[in-house]
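Protein chains in written order, with the numbering used here: chain A, 112 to 225; chain B, 4 to 142.
Derived by calculation from the structure, the hints in this document are not laboratory data. Don't take every hint at face value.
[Claimed, not checked] The calculated label-pair distances, taken between Cβ atoms and stated as ranges, are:
no.	chain 1	residue 1	chain 2	residue 2	range
1	B	Asp73	A	Ala151	33 to 41 angstroms
2	A	Asn184	B	Asp73	28 to 36 angstroms
3	A	Asn184	B	Arg7	26 to 34 angstroms
4	B	Asp73	A	Asp215	17 to 25 angstroms
5	A	Lys206	B	Arg59	47 to 55 angstroms
6	B	Glu6	A	Glu217	16 to 24 angstroms
7	B	Glu119	A	Asp163	44 to 52 angstroms
8	B	Pro35	A	Ala151	42 to 50 angstroms
9	A	Glu217	B	Arg104	25 to 33 angstroms
10	B	Val135	A	Ala151	25 to 33 angstroms
11	A	Ala218	B	Gln126	53 to 61 angstroms
12	B	Leu138	A	Lys196	15 to 23 angstroms
[Unchecked claim] Example chain B residues on the side facing chain A (calculated, C-beta under 8 angstroms, incomplete):
no.	residue
13	His67
14	Ser106
15	Arg108
16	Gly109
If you're wondering where the values come from, they're calculated on a predicted model, not measured in any experiment. Beta carbons: idealized from backbone N, C-alpha and C, even for Gly.
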Amino acid sequence: MSVKMSNRQVGDVTVVDATGRITLGEGATTFRDTIRDLAAKGSKKILVNLGDVSYIDSSGIGEMVSSFTTVTNHGGQLKLLGLNKRIKDLLQITKLYTVFEVFDDEASAVRSFA
Amino acid sequence: MAERKLLLDSTLDSVEVAETAVLTAAQEIGFPEDDLHQLGMAVRESMVNAVVHGNRYNARKKVHVSVTKDTDRLTIVIADEGDGFDPNIVPDPLAEENILRQSGRGLLLIRAFVDEFQVRPGQPRGTEVRMVKYLAKAS
Numbered sequence: 112m113s114v115k116m117s118n119r120q121v122g123d124v125t126v127v128d129a130t131g132r133i134t135l136g137e138g139a140t141t142f143r144d145t146i147r148d149l150a151a152k153g154s155k156k157i158l159v160n161l162g163d164v165s166y167i168d169s170s171g172i173g174e175m176v177s178s179f180t181t182v183t184n185h186g187g188q189l190k191l192l193g194l195n196k197r198i199k200d201l202l203q204i205t206k207l208y209t210v211f212e213v214f215d216d217e218a219s220a221v222r223s224f225a
Numbered sequence: 004m005a006e007r008k009l010l011l012d013s014t015l016d017s018v019e020v021a022e023t024a025v026l027t028a029a030q031e032i033g034f035p036e037d038d039l040h041q042l043g044m045a046v047r048e049s050m051v052n053a054v055v056h057g058n059r060y061n062a063r064k065k066v067h068v069s070v071t072k073d074t075d076r077l078t079i080v081i082a083d084e085g086d087g088f089d090p091n092i093v094p095d096p097l098a099e100e101n102i103l104r105q106s107g108r109g110l111l112l113i114r115a116f117v118d119e120f121q122v123r124p125g126q127p128r129g130t131e132v133r134m135v136k137y138l139a140k141a142s
């Protein structure tokens, strides 16, 4: 299964719930298009919920980094929520913990944008 | 020792085929769940390199996969028919100036997830990668 993404609004934070696999091909493309669309429409506070993402490969990681840059260049912030241990390990290996703000619970993540 | 060989098209579907073959072999010799995930990711990254960067999706070029089971380890060899590849020219993805690059992390992940990893020129052309993961070192 590729990734499915849906958006909801919590105050002024756009929470993007992702489900499935973010891998080369449709998954990575869907992720990129969803975040770029939000940034283009003016979303400045984007929280990507990866709680139901089972697998990310290097292409998926690349799209996450690219999305981070896109949102930042639009004057916004992109943060991550609900990473499982394997995805946390990927961020450690790639040193991307130094780039992304990562949260385990949604309320804290939403408050962090204030 | 048991070896299984696959000759695969240069498509993304072949990535799934190779990953499934390796995971099946790894399960048969008893790798734990976390190691299966790591092996799967190492194979996926290597196959993507072979299909996308090596053979460039060329329908006339194949990807050669060999999976060898031993009692204490799994050896995977993946070879493409591309123009060759020098891993030393890949920018260090951990360097500060590269941390926000979109690509270039595949080899880093492969090295992190297997116990042995070698890249060498293929015969007669292309690139061959050899990966070994030991059961005894399973966490």
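Here's how the hints hold up against the structure:
Judged by the Cβ atoms, the range 33 to 41 angstroms given for Asp73(B) and Ala151(A) is violated: they are separated by roughly 53 angstroms. Look at Asn184(A) against Asp73(B): about 50 angstroms separates their beta carbons, and that is not inside 28 to 36 angstroms. Look at Asn184(A) against Arg7(B): about 47 angstroms separates their beta carbons, and that is not inside 26 to 34 angstroms. For Asp73(B) and Asp215(A), the hinted distance range of 17 to 25 angstroms is not satisfied, since their beta carbons lie about 40 angstroms from each other.
The beta-carbon spacing between Lys206(A) and Arg59(B), approximately 29 angstroms, falls outside the hinted interval of 47 to 55 angstroms. Distance hint check: the CB atoms of Glu6(B) and Glu217(A) are about 49 angstroms apart, inconsistent with the given range 16 to 24 angstroms. Separated by about 34 angstroms at the C-beta atoms, Glu119(B) and Asp163(A) break the suggested range of 44 to 52 angstroms. Under the hint 42 to 50 angstroms, the C-beta atoms of Pro35(B) and Ala151(A), about 44 angstroms apart, fit the expected range.
In this structure the supplied range 25 to 33 angstroms holds for Glu217(A) paired with Arg104(B), their Cβ-Cβ distance being about 30 angstroms. Under the hint 25 to 33 angstroms, the C-beta atoms of Val135(B) and Ala151(A), about 46 angstroms apart, miss the expected range. In this structure the supplied range 53 to 61 angstroms holds for Ala218(A) paired with Gln126(B), their Cβ-Cβ distance being about 58 angstroms. Between Leu138(B) and Lys196(A) the C-beta distance comes to about 21 angstroms, which sits within the given range of 15 to 23 angstroms.
The beta carbon of His67(B) is not positioned within 8 angstroms of any beta carbon in chain A (closest approach about 20 angstroms), and the interface hint is therefore violated. For the restraint placing Ser106(B) at the interface with chain A, the shortest Cβ-Cβ distance is roughly 5 angstroms, inside the 8 angstroms limit, so the hint holds. Hint status for Arg108(B): holds, given a least beta-carbon distance of 4 angstroms to chain A, under 8 angstroms. Below 8 angstroms, beta-carbon pairs count as interface contacts, and Gly109(B) has one with chain A at about 4 angstroms; its hint therefore holds.
Checked against the numbered hints given earlier, this structure breaks hints 1, 2, 3, 4, 5, 6, 7, 10 and 13; the rest are met.
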